[in-house]
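So the protein lines, in turn, are chains A and B.
1 is the number of the first residue of the first sequence in our numbering; add one for each residue after it.
1 is the number of the first residue of the second sequence in our numbering; add one for each residue after it.
Rather than coming from a laboratory, the hints here were simulated on the basis of the structure.
Since this is a predicted model, take the numbers as computed values, not measurements.
Beta carbons are placed, not taken as given, at the ideal position from N, Cα and C, and that holds for glycine.
Hints should not be assumed to be uniformly reliable.
[As the list claims (entries may be wrong)] FRET-style restraints, in silico, Cβ to Cβ: (1) B:Gly166 with A:Leu375: 17 to 27 angstroms; (2) A:His11 with B:Leu133: 23 to 33 angstroms; (3) A:Leu362 with B:Leu133: 19 to 29 angstroms.
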Amino acid sequence: MIALARKTLIHEWRRFVPAVFAVGFSCVLLAVQAALVLGIFGSAALYVRASGADLWAGYPGTQSVNFGRAIGRDVDLRLAMDPAVAATEPYVWVDADWRGTQGGGGGVSVYLSGIRTAPDGMLFSRLLAPWQREALRTPGAVIVDRADLSTLSATVGGNAWINGHAVRVVAAVDGLRGLGGANVLSSLDTAREIAGGNAAANPTYVVARTHSPEQAAQVQARLAAGAPGFGPFEVWTAPQFARRSQLYWLLDTGAGVAVLFMVGIVCLVGTVVTSQSLMAVVAGSAREYAVLNALGVSRRALGRLVIEQACWIGGLGLLLGGIASAGLLWIAMVQGVPVAMTPATALACAGLVALVALLSGLLAMRGLMAADPALLLR
Amino acid sequence: MNSAPTMVSDVSRTAAPRPGAPSLQALELQKSFVSGVVQVPVLRQLSLAIHPGELTLISGPSGCGKSTLLSLLSGLQRPDAGQTFALGEDLGALSQRALERFRLLHTGFVFQGFNLFPALTALEQVQLPLGYLGMDARESARQARRALDEVGLTQRAHMRPAQLSGGEKQRVAIARAIAKSPQLLFADEPTSALDADSGQRVIDILHRIARTHGTTVLCVSHDPRLVRHADRVLGMEDGAIRSDWRQPDATTP
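Please construct the entire structure, taking both the sequences and the accompanying hints into account.
Here's what the structure looks like:
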């Protein structure tokens, strides 16, 4: 069989360029949007992903890491009692107010994380170098994200105030940017002092490491069965809690609906523009298609030709969009824009782009209506 | 030199006898088109029989219904009333898909516009419809070369339409139509867009196809050159056959 669709695409490539670009742009918009969503809402789970803990225990029903409430001190003990748990440590979370010494003006809302400063500390173990963790041992020492320094009117080595307590920025790291407020790390003692009052003595979470990561689900199941005599608490595995935090921001805040709406718009615009370009190409060849129909080539076979053309356009658009998306996301990452991409998300974007191309092909088949062989007779 | 055609008004009385069964037959065909709110009759109770091995020409003034008759006889359109038989098959009884299948197996078309795909070479243009008959690439290439040879375009087989003259394009279109060895070949004004030499060549090819392959060649044209070369000339006017003239030696191909 003569590959008419492919040969036409190569020979008359200029006519197909708008359609390929339309698919490519749809691909870029979907991929960049998905990467931003993953990047921005992924930072809701930053605390979990940047830490080496396998289990997180917090107040029952906590929707997201930043909504934690104080739990009993004995929860630490309950977790440690489980034979599969190798180590536990408390996490003190304080919603606080930061005031820089430079620039003056009002305060900045910050999330203060009080963590263990021992070298084997689990919290933020993937983010902090050993010397940075050690530096937090100095009373009043804090670490912030490098990108937040200007927001906080701070410099490394400079002083500031959190809830009226003097602090000193001992280091700035990358990858600590949060959602809704700047993240500030300190030792447990510094965090408790800043929080003040008796409630501050209680941790917001207790995290634990199991002997092997596979045991985390078993421990969670055992603890979910009940722990009589201990205060209210709930245990999640690290992936569960990360997902829970992310989904809260995505679905319960309306952000997810907005994202889905945008995905719909991108697909709709992509389909309309691509189908219009493709239909113009089909209509331009209507007389040739009409001759084929007169010679007995069925309309179904002609429709398959249009779909084949749409598939080629989809493939080329996907290639173009994929390369452009990869380039843009790399630039975004270098510039510190919160973006992330997973194979599953990339595959979903590619699937949507393929759907856009296929729908465009189906819509463009209307162009074959003009391919009536009787119209060729004069 | 052929004698000038003698136009007569009564078809049944003057049509020369032709041995063998007709390959195309129209029985009391009626067709009308709606123009605005007015229904315009194009064909009125038209009956006709066309035989294989002949180049039959339908001639007549513009708007007389000759192209409509061609479209009905070839199964491209359906009549409002009456019946069309092609190779003994009642075209009106066939579904759209069966009609497409019938055309694929038995009919070839040549139109005034060449309607070639710009991306394909002459050989590929001819090969293209053969692929839909289920022929493999080697067989379709062989058939296509044979058809191109028949129209004298073997040397141009690798050229695209942009590299061919108008006459050559029409010959490619003819090769495309005859490559599958159809029993019925329909041509609508095949020489109108061509210069004298090219037109003459196309006429010769159509005539030869009818004579050597026994193909039924039905041609619609007002080109006087074609009138001289046709085996049979049907004169049409106001949706009816007004004359039927046959070459004296046309019954003995």
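Going down the list of hints, with the structure as the test:
1. Separated by about 21 angstroms at the C-beta atoms, B:Gly166 and A:Leu375 satisfy the suggested range of 17 to 27 angstroms.
2. Separated by about 24 angstroms at the C-beta atoms, A:His11 and B:Leu133 satisfy the suggested range of 23 to 33 angstroms.
3. The beta-carbon spacing between A:Leu362 and B:Leu133, approximately 27 angstroms, falls within the hinted interval of 19 to 29 angstroms.
The structure agrees with every numbered hint stated previously.
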